[in-house]
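Listed below are the residues making up each chain.
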Amino acid sequence: MARILSLSEAVAELVGDGDVVALEGFTHLIPVAAGHEIIRQGRKDLTLCRMTPDIVYDQLIGAGCARKLVFSWGGNPGVGSLHRFRDAVQHSWPVPLEIEEHSHAGMANRYAAGASGLPFAVLRGYLGTDLPEHTESIKTVECPFTGERLVAVPALNPDVGIVHAQQADREGNVQMWGITGVQKETVLASTRSLVTVEEVVDELTPRPGAVVLPKWVVNAVAEVPGGSRPSYAQDYYERDNSYYQEWDPIARDRESFEQWLRTEVFEQAERSAR
Amino acid sequence: MTFTADEMMTVAAARTLRDGAACFVGIGLPSTAANLARRTHAPDLVLIYESGTIGTKPDRLPLSIGDGVLAETADSVVSVPEIFNYWLQPGRIDFGFLGGAQLDRFGNINSTVIGDYDDPKVRLPGAGGAPEIAANCKEVLVVMRQSTRSFVEQVDFVSSVGYGSGKGDREKHGLRGSGPRKVITDLGVLEPDPETCELTLTALSPGVEAEQVRAATGWDLKVAGSPAVEEPPTETELTVLRELKATIEKGTA
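Protein sequence lines, in the order shown, are assigned to chains A and B. Numbering-wise, the first sequence is residues 1 to 274 according to the working numbering. Numbering-wise, the second sequence is residues 1001 to 1253 according to the working numbering.
Among these hints, one or two may not hold up.
[Unchecked claim] Sample of chain B residues with no beta-carbon within 12 Å of chain A, all distances over it, derived:
1. Ala1021
2. Pro1043
3. Arg1145
4. Val1152
5. Arg1181
6. Asp1193
7. Glu1198
8. Ala1215
9. Asp1220
10. Val1223
11. Ala1228
12. Glu1235
13. Thr1236
[Claimed, not checked] When the alpha-carbon atoms are kept at most 30 Å apart in a straight line, the in silico BS3-like pairs for lysine-lysine are as follows:
14. A:Lys68 to B:Lys1121
15. B:Lys1222 to B:Lys1138
16. A:Lys139 to B:Lys1138
It should be emphasised that the hints constitute simulated quantities derived from the structure, not laboratory data. Ideal Cβ positions, reconstructed from N, Cα and C, are used throughout, including at glycine.
All chains should be built: construct the whole structure from the sequences, respecting the hints.
Written as C-alpha cells, this is what we have:
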C-alpha cells in the first residue's frame, strides 16, 4: 500500500546498493529529481535499466552509481551523444560500465513480460542485426503452432521501478496522462516502486486516456514539484530544450561535470514539497 | 529560388511519401521531411512517432520524439509496448524512415558503434526503434548525407537490416517488409538493383555529376544507365520547409 514519503526517505528505503533499478519516462515525465537523489545518497553498483538513457542516466553513470546499463538508445535527444556514458564505455571512467543492449521493441516487451508474470516475451525483431551476437538475452524460439522462428527476450523485473506522474491523491493513487511510455509496465514489473508526482490532490479527476496506478501497486509516492525538469510534465511545464543543449559542454569534460555534480546535486537539498 | 543540397534532400524525401500513407517517423531529417509532405502534397499523411503518438499533426517541428505537441495534436496516444506490438509489428505501416552513422551497399545501417563493439572507437546512441522499423514497415526510406565516412563498403555493426548480404537475405531472416526502397542523400538517390539488391545511383540532385557521387561513396557505386535529375524544389516547397525549420530554431532558442 502506497505511503506518502519525502523523496529522500523513499530513496533511502527503496533503493539499495547493487539493486536493479529502472527510471522510466519516454521524453515526457522523466523522474530526474529521483535520479539526483540516488546520486546524492551515493548508491553504488546499480544495474540501471531504461529504454532511452538520456541526461539523467548520463549523470548517474558519471557519478559512478552504475555497474551495468540495460538499454536500447542512449543519447541526448535532438543534441547528440551522452559524453559521460561514452567515457564510461570507452575509458571505464569513473568505473567500468557493462552494457546489455536491446532495441526499443525488445525493451518494451521485456517490461510487458515482467508486468505479466511471464518468463519471456516473443517478438518479430532483431533478426539479421548484430545485436543477438553481443547480447546474451536475445534468443530465438520456434512457434509451437506454426513452426515460425521468432525472437524471445527475458522478462525484466527490476528491484525498484521509479516513474514520475502529474498527480496522486492522499491515499497514494497515481494518475498520469499525455505520453505515458512504458511506465505502467515498469511499475507492475518491479518488486518495489516509487512514484514522484507534481502534486498531491484531494481527489483525482478522471481524464480520457490517462494511466491510473492504484495505491496497492505502488510502494511510495513523493510529492516533487518540477521533479521531471528539464523533461516536461504535460499541463504543468514544458520541456526545457535549451537545458539539453547546455548539458553537452558540461558533460564533455570530466572536471566541468564534477563541478556540476557538486553545485547542482551534492550542495542541493532534496526536492520534495513536504 | 536558390536552395541548398540539404533542402533538396529533404524535399526529395518528402515527395516520396504518398498522401494517405501511414509513416513511422524518426526525429531529425525524417521528421522534417514527413512534416513537409503533410503541409504540401500529402495533407492526409498519417504521422506516427515511437513515443506512441498516432496521427499527430504538430504545428511546429518537434525537437524530440516525445514532445508535448505530438501528444496534444494526435488522434490517439498509446503506450510504447502498444506502438511497437500492435501498430508496427503486424506490418500495417507503409513507410519507415531511417538515418544512421553508416550505411553499406546493401542498405544495412549502423547506429551503434564505430570500431569494435567491445572496444569501440566511438560509442553511438544505439539502435532504438530502428531494427523493428527496418524489419516490419512495408517500405523503408533512408535519409543520410553522403560521404565516404558514412557510405562504407561494410558497416562496423548492423543495427538495422537493409538487404543483409544480398538478395534473398531478408526472406531468410523472416523479415516481412520489403526493405529500403530509396536512399535519399544530399547528392542524389540510390535504389536497390532489382536483381542483386545492391544500392545503385538512380537520380542526381540538380548540378551534381555521377562521378561526384561515386567519389563520396566508400564502395564502387554502380550508376543506372542514365540517372534522372531531380526536379528542383518548388517555391512552395522551399517556403514551407523554411517556415518549418524556423519553428524548431525558435523552439530551441
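Q.
Taking the earlier hints as the rules, which of them does this structure contradict?
A. When the structure is compared with the hints, none of them turns out to be violated.
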